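Numbering (my numbering) for the sequence shown: 55 to 196.
Derived from the structure by calculation, the hints contain no laboratory data.
This one's a predicted model, so the numbers in the text were calculated from it and none came from an experiment.
Possibly wrong hints are sitting among the right ones.
Straight-line Cα separation of at most 20 Å, SDA-like style, residue types lysine to any residue; simulated pairs [what the hints assert, rightly or not]:
1) 102 / 71
2) 65 / 145
3) 65 / 82
4) 65 / 172
5) 65 / 154
6) 59 / 73
7) 69 / 112
8) 132 / 95
9) 65 / 95
10) 65 / 135
Ranges of calculated distance between the beta carbons of each label pair, as one might list FRET restraints [as the list claims (entries may be wrong)]:
11) 178 / 106: 16 to 22 Å
12) 184 / 99: 28 to 34 Å
13) 68 / 134: 28 to 34 Å
14) 98 / 180: 32 to 38 Å
15) 178 / 110: 15 to 21 Å
Think of the CB as a built atom: it goes at the ideal place given N, C-alpha and C, for glycine as much as any other residue.
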Amino acid sequence: MISVKDSPYYKDVLKEFNYNHGDVFVFDGFVISENNYGITYTWDDHGKKVVDDIVNFFGKTGNNLVYISNRINSYAVKPNDWLKFFSHSYSIRGYGVVSRTRGGVMNTMIENLFFNKKIQRFNSLDAAINWARNKEITEDGD
């Protein structure tokens with residue numbers, strides 16, 4: 055799998071946020087995150103800061119954004135923390151996960167129990183970005 059930094063899409067990045075836990079790339083209409091190997095991603099330790107930075111960058115809630123998790127590294131997500139995201143009145147237009155591992159598919163299935171829309175799975179960054187840029191994403195994520 056390819057990192058955004060090594061892709062032809064890197065030239066389109068509007069803002070790059072670098073954290074101890076990974077990087078977040080902001081594009082026109084979507085955001086891509088790449089977390090470091092071995093972390094356990096939580097709302098309190100990671101998500102809240104990322105969301106605040108994105109909201110501050112756009113100057114609005116960001117609810118018209120698509121979020122893509124480019125899982126180039128193996129890490130864990132605390133899936134029930136999606137409830138904290140939504141309890142703060144945040145929302146996103148769609149959520150995509152790029153992963154080629156069996157564990158990545160299982161993690162996405164568990165996350166989907168707590169996420170209020172359908173999570174789209176992709177085998178490549180190209181497919182996920184194409185979906186985010188071109189697909190009319192409906193309320194249920196299809």
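Verification of the supplied hints:
In summary, the hint linking residue 102 to residue 71 is supported, as the alpha carbons are separated by about 13 Å, within the 20 Å threshold. Between residue 65 and residue 145, the direct Cα distance comes to roughly 27 Å. Violation of the 20 Å bound is thereby established for this hinted pair. In summary, the hint linking residue 65 to residue 82 is supported, as the alpha carbons are separated by about 12 Å, within the 20 Å threshold. Of the pairs offered as hints, the one joining residue 65 and residue 172 is violated, with about 29 Å between alpha carbons and a cut-off of 20 Å exceeded.
As the CA atoms of residue 65 and residue 154 are separated by approximately 25 Å, the hinted pair breaks the 20 Å bound. Between residue 59 and residue 73, the direct Cα distance comes to roughly 15 Å. Compliance with the 20 Å bound is thereby established for this hinted pair. Restraint check for residue 69 and residue 112: the C-alpha separation of about 10 Å stays at or below 20 Å, so the hint holds. Between residue 132 and residue 95 the alpha-carbon distance is near 6 Å, which keeps this suggested pair within the 20 Å criterion.
Taking the CA atoms of residue 65 and residue 95, the gap is near 27 Å; set against the 20 Å cutoff, the hint is violated. The hinted pair formed by residue 65 and residue 135 fails the criterion: a straight-line CA distance of about 32 Å is larger than 20 Å. Checked against the hint of 16 to 22 Å, the pair residue 178 and residue 106 fails, with Cβ atoms roughly 30 Å apart. Under the hint 28 to 34 Å, the C-beta atoms of residue 184 and residue 99, about 32 Å apart, fit the expected range.
Restraint check, residue 68 to residue 134: a C-beta distance of roughly 31 Å satisfies the suggested window 28 to 34 Å. At roughly 33 Å, the beta carbons of residue 98 and residue 180 sit within the given window of 32 to 38 Å. The given range of 15 to 21 Å is broken by residue 178 and residue 110, whose C-beta atoms sit roughly 31 Å from each other.
Of the numbered hints given earlier, the model fails hints 2, 4, 5, 9, 10, 11, 15; all others are met.
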